[in-house]
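Those sequence lines, one after another, are chains A, B, C, D, E, F, G, H, I and J.
Residue 640 is where the first sequence ends in the numbering used here, and the numbering goes up by one at each step.
Residue 640 is where the second sequence ends in the numbering used here, and the numbering goes up by one at each step.
Residue 640 is where the third sequence ends in the numbering used here, and the numbering goes up by one at each step.
Residue 640 is where the fourth sequence ends in the numbering used here, and the numbering goes up by one at each step.
Residue 640 is where the fifth sequence ends in the numbering used here, and the numbering goes up by one at each step.
Residue 640 is where the sixth sequence ends in the numbering used here, and the numbering goes up by one at each step.
Residue 640 is where the seventh sequence ends in the numbering used here, and the numbering goes up by one at each step.
Residue 640 is where the eighth sequence ends in the numbering used here, and the numbering goes up by one at each step.
Residue 640 is where the ninth sequence ends in the numbering used here, and the numbering goes up by one at each step.
Residue 640 is where the tenth sequence ends in the numbering used here, and the numbering goes up by one at each step.
Rather than coming from a laboratory, the hints here were simulated on the basis of the structure.
Where hints are given, some of them may not hold.
[Claimed, not checked] Stretches of chain A that chain B covers, calculated by requiring three or more beta carbons in the stretch to come under 8 Å of a beta carbon on chain B: (1) 569–582; (2) 591–601.
[As the list claims (entries may be wrong)] BS3-like mimics (lysine-lysine), calculated; alpha carbons at most 30 Å apart, straight line: (3) Lys638(D) to Lys627(F); (4) Lys627(E) to Lys507(C); (5) Lys510(E) to Lys540(E); (6) Lys638(E) to Lys638(D); (7) Lys540(H) to Lys638(J); (8) Lys520(E) to Lys507(E); (9) Lys507(J) to Lys638(H); (10) Lys520(B) to Lys540(B); (11) Lys622(J) to Lys638(I); (12) Lys510(A) to Lys540(A); (13) Lys638(G) to Lys507(F); (14) Lys627(E) to Lys622(F); (15) Lys507(B) to Lys520(B); (16) Lys622(A) to Lys627(B); (17) Lys540(J) to Lys627(G).
No experiment lies behind these values; they were computed from the predicted model shown.
Even for Gly, the Cβ is constructed at its ideal location relative to N, Cα and C.
Protein chains: 10
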Amino acid sequence: MISSRNEVTQMIVSAKVAKGLRWSEIAGKIGQSKEWTTAACLGQMTFSKQQAEIAGEIFGLPDEAVAWLQIVPYKGSLETAVPTDPLIYRWYEIVSVYGTTIKELIHEEFGDGIMSAIDFSMDIQRQADPKGDRVKVLLSGKFLPYKTY
Amino acid sequence: MISSRNEVTQMIVSAKVAKGLRWSEIAGKIGQSKEWTTAACLGQMTFSKQQAEIAGEIFGLPDEAVAWLQIVPYKGSLETAVPTDPLIYRWYEIVSVYGTTIKELIHEEFGDGIMSAIDFSMDIQRQADPKGDRVKVLLSGKFLPYKTY
Amino acid sequence: MISSRNEVTQMIVSAKVAKGLRWSEIAGKIGQSKEWTTAACLGQMTFSKQQAEIAGEIFGLPDEAVAWLQIVPYKGSLETAVPTDPLIYRWYEIVSVYGTTIKELIHEEFGDGIMSAIDFSMDIQRQADPKGDRVKVLLSGKFLPYKTY
Amino acid sequence: MISSRNEVTQMIVSAKVAKGLRWSEIAGKIGQSKEWTTAACLGQMTFSKQQAEIAGEIFGLPDEAVAWLQIVPYKGSLETAVPTDPLIYRWYEIVSVYGTTIKELIHEEFGDGIMSAIDFSMDIQRQADPKGDRVKVLLSGKFLPYKTY
Amino acid sequence: MISSRNEVTQMIVSAKVAKGLRWSEIAGKIGQSKEWTTAACLGQMTFSKQQAEIAGEIFGLPDEAVAWLQIVPYKGSLETAVPTDPLIYRWYEIVSVYGTTIKELIHEEFGDGIMSAIDFSMDIQRQADPKGDRVKVLLSGKFLPYKTY
Amino acid sequence: MISSRNEVTQMIVSAKVAKGLRWSEIAGKIGQSKEWTTAACLGQMTFSKQQAEIAGEIFGLPDEAVAWLQIVPYKGSLETAVPTDPLIYRWYEIVSVYGTTIKELIHEEFGDGIMSAIDFSMDIQRQADPKGDRVKVLLSGKFLPYKTY
Amino acid sequence: MISSRNEVTQMIVSAKVAKGLRWSEIAGKIGQSKEWTTAACLGQMTFSKQQAEIAGEIFGLPDEAVAWLQIVPYKGSLETAVPTDPLIYRWYEIVSVYGTTIKELIHEEFGDGIMSAIDFSMDIQRQADPKGDRVKVLLSGKFLPYKTY
Amino acid sequence: MISSRNEVTQMIVSAKVAKGLRWSEIAGKIGQSKEWTTAACLGQMTFSKQQAEIAGEIFGLPDEAVAWLQIVPYKGSLETAVPTDPLIYRWYEIVSVYGTTIKELIHEEFGDGIMSAIDFSMDIQRQADPKGDRVKVLLSGKFLPYKTY
Amino acid sequence: MISSRNEVTQMIVSAKVAKGLRWSEIAGKIGQSKEWTTAACLGQMTFSKQQAEIAGEIFGLPDEAVAWLQIVPYKGSLETAVPTDPLIYRWYEIVSVYGTTIKELIHEEFGDGIMSAIDFSMDIQRQADPKGDRVKVLLSGKFLPYKTY
Amino acid sequence: MISSRNEVTQMIVSAKVAKGLRWSEIAGKIGQSKEWTTAACLGQMTFSKQQAEIAGEIFGLPDEAVAWLQIVPYKGSLETAVPTDPLIYRWYEIVSVYGTTIKELIHEEFGDGIMSAIDFSMDIQRQADPKGDRVKVLLSGKFLPYKTY
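Excised from the complex, chain A in its bound form (with noise of 0.2 Å):
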């Protein structure tokens, strides 16, 4: 019996672990990117049912959890409200010494509302550079404006 979205995450985890799959083949077989794709892997988007097949084959995973990776999860990757991995506070250092800047360019470009989190894609890269190559990261968030009523 699996009573969560959780449980099928860390099977697909260990499967990887111990087939030593890349993320980028498995988005090459689910036909995703790889950004959508890990983040569905890791239990933050919903497979349709042809995408759960191809992962349940990938990763070995019984019916009942290829099943499980077509209802909507609870999402949110992190055990801590400010995250301790040091790769991913970075992320979360840049909203808190950016954070007001983002949010007076948008504003002045855009006015008043938000860069949509949900309508958003995401893209990482290496950048080649010869005082050491950089990951370059592209985010596309639909802007939302706040409307009067």
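Dock chains B, C, D, E, F, G, H, I and J against chain A, hints included.
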């Protein structure tokens, strides 16, 4: 007597509203990107002597405030660990939902290490889209590997 | 020198008590619903130039305050993450007790996504009832689907 | 041995996924609204003997679980004070941004008191809209006045 | 300019100390119980026009303060979620140690629902006892049943 | 091997549901009030040898569990500092809203000190009322004065 | 206008530094132990009329401050739940490391109950020691047994 | 496989209840004070080889557990930063109410530094008293001065 | 099935106690410093294939565990934001007491930027001292300057 | 009237910026290391009479401030338990990632005890490095063993 950078930030913010200035104009005068300039004016970055003097003229700051702009500030722009403002929260949500995904993909490409939030730049642009314009943000941070010793 | 929207909110709240005004009257003059108008006066929404000038007259605000009303505010009206006021707490309790229910039913009807709190409106009415009048609240938020990419 | 309602909720959730059921069907069999029924199945409401027996059949529960459904549960469906799931967070955000507004408008109409979260009902519907369908939620709670004594 | 009820509470508290008044005398003049009157003076309840005027005379308050007493306050009298003051902590401890007991016994007698903290009264008395006098507190709150719908 | 009182509490709670017992009956057999008995069964009080043996028979507990009932437990029945369950929250709210009032009135009557939560008893009763029955709770705690030394 | 005991504490602390007084001298004049007197001056205890008048003379306090000293204060001297000051933290650490030990040994000797922090005294002394002098602290609190009822 | 000292502590606690042992007897066999012995058995101190072997016999522990007793444990015996158990809370309250007093008096006597919680001993005794027996606790910690450098 | 690095850490810790190994010996076999090796074994660093295989032999780990050692872990070794263990707390205290000092002095020497915790090494040594041996710790982190852009 | 050391720290910080002083110069005049001097000026250490008088001259402090510098301060320089400033956070991260490692290695070398943060010194230096200069920090703290008693 000014006893913290925060007081200078409040002077700047007040003057900006009173004078009806825009961050992009201010950045043009300071001679840096609008992202760095806004963060600096909001108390997160350190001004050079020349930059501080220009800022002093723009905002009509006293000499003591101009001196404070050249002191490294205590950084962090949010009042609470989890931000309440909806625009800034969406960024926190991106870290919460995609945090482990970002971690996995950077490690898959680069190995163990982090994406720097110090040797870092950000570029925020409007991306025209017939279904509604989007906010496009490009983040670039140097990859810093963990070392064995 | 006014250095935050919060100071303007305090001026408005003080003037409202001193003059004995009602939110519904104020809304009529501003020309928006009582819900939007109250949220705006309490520092959560952005006024247009014209709305700000009317508000300035109603509450007797200085020009600098009128300018602040047109700046997008840092939103969030509560002093603590879990609100202490009994009326507001009941709403927090609804989210606590029915949160997973709301999630399940929206996902069952619409699939993965959210109900927007930005493209959103609220209408609060008295509902006469012989067993004691009721508060009837109608919330309407656009459904925003998660997308694959 | 079942030692908490939570274990019964996990059985129900597992069975629902395994059998591919929908909340609206389940509600039809239980004979209550989909909102009450979902909240009850998720461990927030108390079943009558008859309702519990129907639920027992739907989900294939052991007798001990059927007995637990008739016990008043320890309520609260969220794992953290500020919910991490984006859909549920939007509701928390509504409380955060509009909390003082809701308070002001209910008090303006009714005087000091609260909108009950106990003598309360909720109705969630799809609202067709050419610009994108909306989630329409109707909340109704009895007004309870504070009394002097 | 008074911008919050809290400022009025501080005026009342200051005046009470300066004039050496007792809550029971004040309650007698206001014409309510000492429990309600004290809570009202400490910023938790709403005064009627007449009560506010009497309070204004007792404490020598300006007209603006008298107006504020008639506005529904943002309630909650403690500075921290877990109170530090030993007397108030003992009440928190009663909730902590006996909370689940109170829940079980009210549900056993009344079924699912709550004891209202709104339609509520409290009476605090000295109970003479040869082994040391006791504080006797009588709480009375209407039972409000959860309803199915 | 039983390694905490909590495990014994879970056995008792399971057995109570499975056998359909009521706290008042259990209290009758144990020979104490329903308030003390319920708190004791929920892991907050210490049983005498005789009381523990009766409880062992009522709930069908193993000898090791009967021994644990006679050990002073680590007290505190709530999972979070601010309780999420609506019934228990109302009690927390009473402490939050009336906390400073209770403090003022006890000090006015008794001077500096506290109302004991140890030399303490509680009595919960149904109070018939034509406008809806009420929960009447009588708390009695010894006054303990602070001493100078 | 003095609106809290805290303001009086700040007056006392300022005067003590300015006049270069010692707590033991002050205690001698007040006529109580140095432990009680210091706690009282730091806003944790209630002065009698006579003690307050002596304190008023020692520290040069206005009459209103002398009146405040006779009002029972809201107790708790720390700014954070876990104290940051190293000396005070060591005491918190003793509670953290030895808390369950103290509990076990008091229960083994006295049965279920507590050591009172109200009917309590403390004596702090220098204990000469060739390996480095020690702080010797004697705490004495009445044992208060839990009662059955 | 034992993977933490905590598991050994649970074995000890279980065995102590099952065998009906007293801490003072156990201390006699281990050859240390009852305070040190209890803290050690509850997972806060490190046993010597000989002490561990005696403990192994007393509680019937496997060899692996005896090895764990000789490993320095991760210390801290409380589940929450502010303890919920009433007996332990009273000690937290002493730190909260008297924390700044203890700080002032140790500094007045010794200058800047701390009272060690490492080079530390504790002695808990019953103090007979006609008005009710008292718990007398003697704490002794080496004074450690801050140094300039 | 192993589903997290944490399980591997527990295997290592258990094996180390059972076999009576020392970190310095283990480091010698792995071929890295004792500081890096201990952090790696405690789940904070990533092993190369060769290092993982040696660790597998030392601790008798299954192949799946050896695979996990080569996966970048979710870092952070503490259970609470403020550590409870006295030895680790002293380090937290150094950050608390000297944090702003360290910040000032690094900025005075290097300008705005940070000392890296990634391009970082640590060396812990015994420093003989007639007044009692000392722990000498040498930390070395690359200075990373903030850049304008 | 100065009522806390914090006010004196603000005077010092203001004067330092206004006069453009450096910590190393100030340390030279005070006659202590730059580490101790900076910590002292930032409100964490206690000045001798002579040191305080020199500081008074350097910063132009009033006599009352000079008196406050000789009073032991309430220590702790951070505004939040987890510091938001990136430079200070890196130190918190070192404690988080390496905390258990430091604990293991000190215990392996010295047995159970702590590294003192009181009998402690720190030395911060620039370490030239062709790949980018490094911050070298030497910490030295006396080992204090736990004792049995």
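Query raised in the report: Going through the earlier hints one by one, which of them does the structure break, listed in rising order?
Result: Checked against the structure, the only hint that fails is number 4, while the rest are satisfied.
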